[in-house]
Amino acid sequence: MTHVYRSSKETERLNFVLIHGSWADASYWQETSAELQRMGHTVYVPEYPGHGGDNNPNVTQAQITQAVADYITSRNLKDIILVGHSFGGTIVQTTSQLIPDRVKRNVFMNAFVLQDGQTLADQLPPPTVEAFKQLTQASGNNTIMLPYGLFRETFANLADGPLAQYLYSRMLPEPAGPLFEKLNLSRFYSLPIPRSYLYLTTDGVLPQGEGYGWHPHMSLRLGVFRLIKAPGDHMSTVKTNPGLIARKLVEAARD
Amino acid sequence: MTHVYRSSKETERLNFVLIHGSWADASYWQETSAELQRMGHTVYVPEYPGHGGDNNPNVTQAQITQAVADYITSRNLKDIILVGHSFGGTIVQTTSQLIPDRVKRNVFMNAFVLQDGQTLADQLPPPTVEAFKQLTQASGNNTIMLPYGLFRETFANLADGPLAQYLYSRMLPEPAGPLFEKLNLSRFYSLPIPRSYLYLTTDGVLPQGEGYGWHPHMSLRLGVFRLIKAPGDHMSTVKTNPGLIARKLVEAARD
Amino acid sequence: MTHVYRSSKETERLNFVLIHGSWADASYWQETSAELQRMGHTVYVPEYPGHGGDNNPNVTQAQITQAVADYITSRNLKDIILVGHSFGGTIVQTTSQLIPDRVKRNVFMNAFVLQDGQTLADQLPPPTVEAFKQLTQASGNNTIMLPYGLFRETFANLADGPLAQYLYSRMLPEPAGPLFEKLNLSRFYSLPIPRSYLYLTTDGVLPQGEGYGWHPHMSLRLGVFRLIKAPGDHMSTVKTNPGLIARKLVEAARD
Chain D
111 MTHVYRSSKE TERLNFVLIH GSWADASYWQ ETSAELQRMG HTVYVPEYPG
161 HGGDNNPNVT QAQITQAVAD YITSRNLKDI ILVGHSFGGT IVQTTSQLIP
211 DRVKRNVFMN AFVLQDGQTL ADQLPPPTVE AFKQLTQASG NNTIMLPYGL
261 FRETFANLAD GPLAQYLYSR MLPEPAGPLF EKLNLSRFYS LPIPRSYLYL
311 TTDGVLPQGE GYGWHPHMSL RLGVFRLIKA PGDHMSTVKT NPGLIARKLV
361 EAARD
Chain V
111 MTHVYRSSKE TERLNFVLIH GSWADASYWQ ETSAELQRMG HTVYVPEYPG
161 HGGDNNPNVT QAQITQAVAD YITSRNLKDI ILVGHSFGGT IVQTTSQLIP
211 DRVKRNVFMN AFVLQDGQTL ADQLPPPTVE AFKQLTQASG NNTIMLPYGL
261 FRETFANLAD GPLAQYLYSR MLPEPAGPLF EKLNLSRFYS LPIPRSYLYL
311 TTDGVLPQGE GYGWHPHMSL RLGVFRLIKA PGDHMSTVKT NPGLIARKLV
361 EAARD
Chain Y
111 MTHVYRSSKE TERLNFVLIH GSWADASYWQ ETSAELQRMG HTVYVPEYPG
161 HGGDNNPNVT QAQITQAVAD YITSRNLKDI ILVGHSFGGT IVQTTSQLIP
211 DRVKRNVFMN AFVLQDGQTL ADQLPPPTVE AFKQLTQASG NNTIMLPYGL
261 FRETFANLAD GPLAQYLYSR MLPEPAGPLF EKLNLSRFYS LPIPRSYLYL
311 TTDGVLPQGE GYGWHPHMSL RLGVFRLIKA PGDHMSTVKT NPGLIARKLV
361 EAARD
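Chains as they are written, first to last, in our numbering: chain D, 111 to 365; chain V, 111 to 365; chain Y, 111 to 365.
Where hints are given, some of them may not hold.
Where chains are identical, the list cannot tell them apart; a pair therefore holds if satisfied intra-copy or between any two copies.
What the hints assert, rightly or not - Cross-link-like lysine to aspartate or glutamate pairs, in silico, EDC-like; alpha carbons within 16 Å at most:
hint, residue 1, residue 2
1, K349, D211
2, K349, E141
3, K292, D226
4, K339, E263
5, K214, E263
6, K188, D135
7, K339, D211
8, K243, D232
9, K243, E263
10, K349, D135
11, K292, D232
12, K214, E122
13, K243, D211
14, K243, E291
15, K188, D211
16, K349, D365
17, K214, D189
18, K188, D232
19, K214, D365
20, K243, D180
Please keep in mind that the hints were generated in silico from the structure rather than gathered at the bench.
Make the full structure from the sequences, and use the hints.
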């Protein structure tokens with residue numbers, strides 16, 4: 111009854127590059143990164159323009175992509191597992207187009223997968239787009255700040271109140287420009303890079319089903335891809351259960 | 111790597127009012143109520159006309175709503191978490207319209223969320239509506255009794271046989287009228303009351319997807335809402351795992 | 111607060127007949143069968159033409175159905191729980207038509223449920239059908255062999271690399287004919303045999319949702335059925351967690 115296959119014991123050493131999303135900075139991945147390193151993997155978490163220390167509200171998706179590509183090439187990183195969360199999915203797509211030979215696999219974790227020529231806003235229900243446009247106008251500097259109620263109910267639905275408030279207190283306004291940029295992704299869809307989709311199943315940011323959502327709506331655009339699931343929401347599970355997120359990223363990334 | 115937020119340790123004390131659904135009475139919530147009280151919360155479980163001790167088959171949705179509202183106002187309950195299961199979702203909607211100032215949050219647990227002017231029957235596949243109409247006619251007194259096979263396979267699919275039989279043995283015919291009443295819900299959709307949807311993912315009562323179902327089909331009508339999920343079916347998980355249901359209700363209800 | 115129902119303690123003794131799917135043989139069920147027997151159940155795992163020891167590439171669905179029916183009648187098996195996985199779902203449908211009096215319940219585990227007159231290929235996205243036709247033509251003997259990448263990402267997505275490779279190394283080309291046969295299933299849909307659908311939720315073989323997939327797309331064709339869910343993929347979870355699969359099959363099968 112026993113199997114004649116060698117157990118890997120997860121000894122495969124992977125090189126992760128983790129790309130955070132909107133209303134976030136590199137600290138999004140802090141705990142997950144620590145867990146992955148404890149498991150023996152190498153982890154890089156680039157900050158990108160318009161986020162973290164840089165508060166340029168007029169950053170473009172192209173500038174972000176170039177910065178991430180430069181981060182990877184300047185360190186001569188190879189065979190990388192390029193992971194994107196949320197808006198970071200579009201950066202995975204565009205960066206893979208720039209430096210495909212350095213990328214071993216794309217992993218999308220509740221991340222946008224845009225079709226060629228689409229904008230991120232195209233993936234949102236019209237009332238959300240309208241709300242984002244109003245918030246942009248109200249900002250006076252082309253940024254969007256999420257109201258606390260919306261954040262608490264849909265980005266951090268699994269958090270307790272104090273964690274939701276803590277996460278919100280560290281949140282900065284997001285540059286609005288990249289949400290409305292049409293992306294040229296014709297090359298992405300012809301790349302031979304293997305793809306995985308890690309779906310955290312209690313994410314409330316996008317409608318689940320009925321023409322929207324992370325999975326299966328956007329994941330199916332990847333064609334042949336590896337599906338991994340775990341319970342989790344958009345913003346808080348990486349803080350409350352980073353060990354789970356790390357194990358699932360490895361399931362998504364391994365050979 | 112540690113967080114600088116105060117853990118709530120779930121010390122927030124919540125006031126639950128739990129509304130059962132069709133083919134049920136207040137005993138539906140018995141074990142869940144005990145678990146919530148053990149966790150330090152206050153719990154009220156009103157019985158309503160046409161159910162429990164009252165077997166009036168001609169009860170109306172308006173009578174039920176008034177009875178629940180009276181139950182709450184006569185006890186001067188405030189800041190309540192108004193939870194509805196199944197048909198109880200419509201009572202949450204209509205009661206919130208009557209006494210919005212007493213309601214802190216609406217929680218729908220595999221519960222109907224009707225659009226303004228709809229009937230509950232509008233949410234069911236046509237063959238189910240047809241079967242319910244025939245059962246109503248066969249009853250001779252405007253009630254519907256579920257056949258055991260249908261109950262066992264779709265309402266108590268996770269139960270073992272003896273539990274399914276026990277639950278069925280306690281079930282009474284359901285007044286048919288409220289299933290076919292058009293509800294005026296125009297006020298509900300303009301109320302500022304926060305909303306949560308607790309989705310028990312193995313519920314077989316409604317088709318899951320393809321235009322029907324608890325989530326996302328009905329939950330999305332809530333607009334911005336907090337999504338919580340747990341494994342469970344429609345009628346038996348509150349009996350076999352009330353601790354899980356209680357914990358998830360708290361996740362749905364807390365600030 | 112305690113229930114007045116007799117716990118079954120799963121002492122009900124069930125007679126399972128387990129039907130494997132394409133690119134598989136009876137060894138698919140080996141570990142699950144051992145777990146079910148350990149729980150006290152009786153298990154039969156028929157091999158069928160074109161699979162296992164028999165490599166006839168021109169086998170028909172009718173020949174497979176007759177072989178399974180003969181296996182059951184020659185042993186005089188009664189009150190059987192007829193379980194099908196994947197392509198095995200169609201065999202459950204057609205065998206139940208032949209010998210309905212011997213079948214106590216049908217259980218579909220991520221299995222095809224065809225409508226009357228459909229082919230299995232009708233359930234697949236057009237690009238997959240096209241790929242299968244090309245693989246059939248390339249085979250020279252009317253069979254289809256899955257490329258490793260497709261198998262690894264979509265049939266064994268939860269496996270580690272060594273297990274995926276081991277499973278692939280034992281895989282034989284699948285006779286293509288039965289995938290393109292229209293099945294007469296008019297009798298199946300009028301049989302009074304109870305039905306269950308066990309859905310392993312991380313199966314990547316079919317698109318999940320948007321008009322395709324095991325559940326709810328195909329499961330809903332069963333009408334009234336018992337839904338059971340478990341985490342798992344198409345081919346590897348029966349090897350890595352056969353105890354879970356066995357427990358869930360019992361939940362699907364019991365009275």
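Checked hints:
no., hint, verdict
1, K349 - D211, "neither (32 Å within a copy, 35 Å between copies)"
2, K349 - E141, "within (7 Å within a copy, 32 Å between copies)"
3, K292 - D226, "within (8 Å within a copy, 37 Å between copies)"
4, K339 - E263, "between (21 Å within a copy, 14 Å between copies)"
5, K214 - E263, "between (36 Å within a copy, 14 Å between copies)"
6, K188 - D135, "neither (23 Å within a copy, 40 Å between copies)"
7, K339 - D211, "neither (28 Å within a copy, 40 Å between copies)"
8, K243 - D232, "within (13 Å within a copy, 35 Å between copies)"
9, K243 - E263, "neither (20 Å within a copy, 39 Å between copies)"
10, K349 - D135, "within (14 Å within a copy, 40 Å between copies)"
11, K292 - D232, "within (9 Å within a copy, 35 Å between copies)"
12, K214 - E122, "within (13 Å within a copy, 47 Å between copies)"
13, K243 - D211, "neither (38 Å within a copy, 32 Å between copies)"
14, K243 - E291, "within (14 Å within a copy, 40 Å between copies)"
15, K188 - D211, "within (8 Å within a copy, 60 Å between copies)"
16, K349 - D365, "neither (27 Å within a copy, 18 Å between copies)"
17, K214 - D189, "within (5 Å within a copy, 52 Å between copies)"
18, K188 - D232, "neither (33 Å within a copy, 42 Å between copies)"
19, K214 - D365, "within (10 Å within a copy, 43 Å between copies)"
20, K243 - D180, "neither (31 Å within a copy, 43 Å between copies)"
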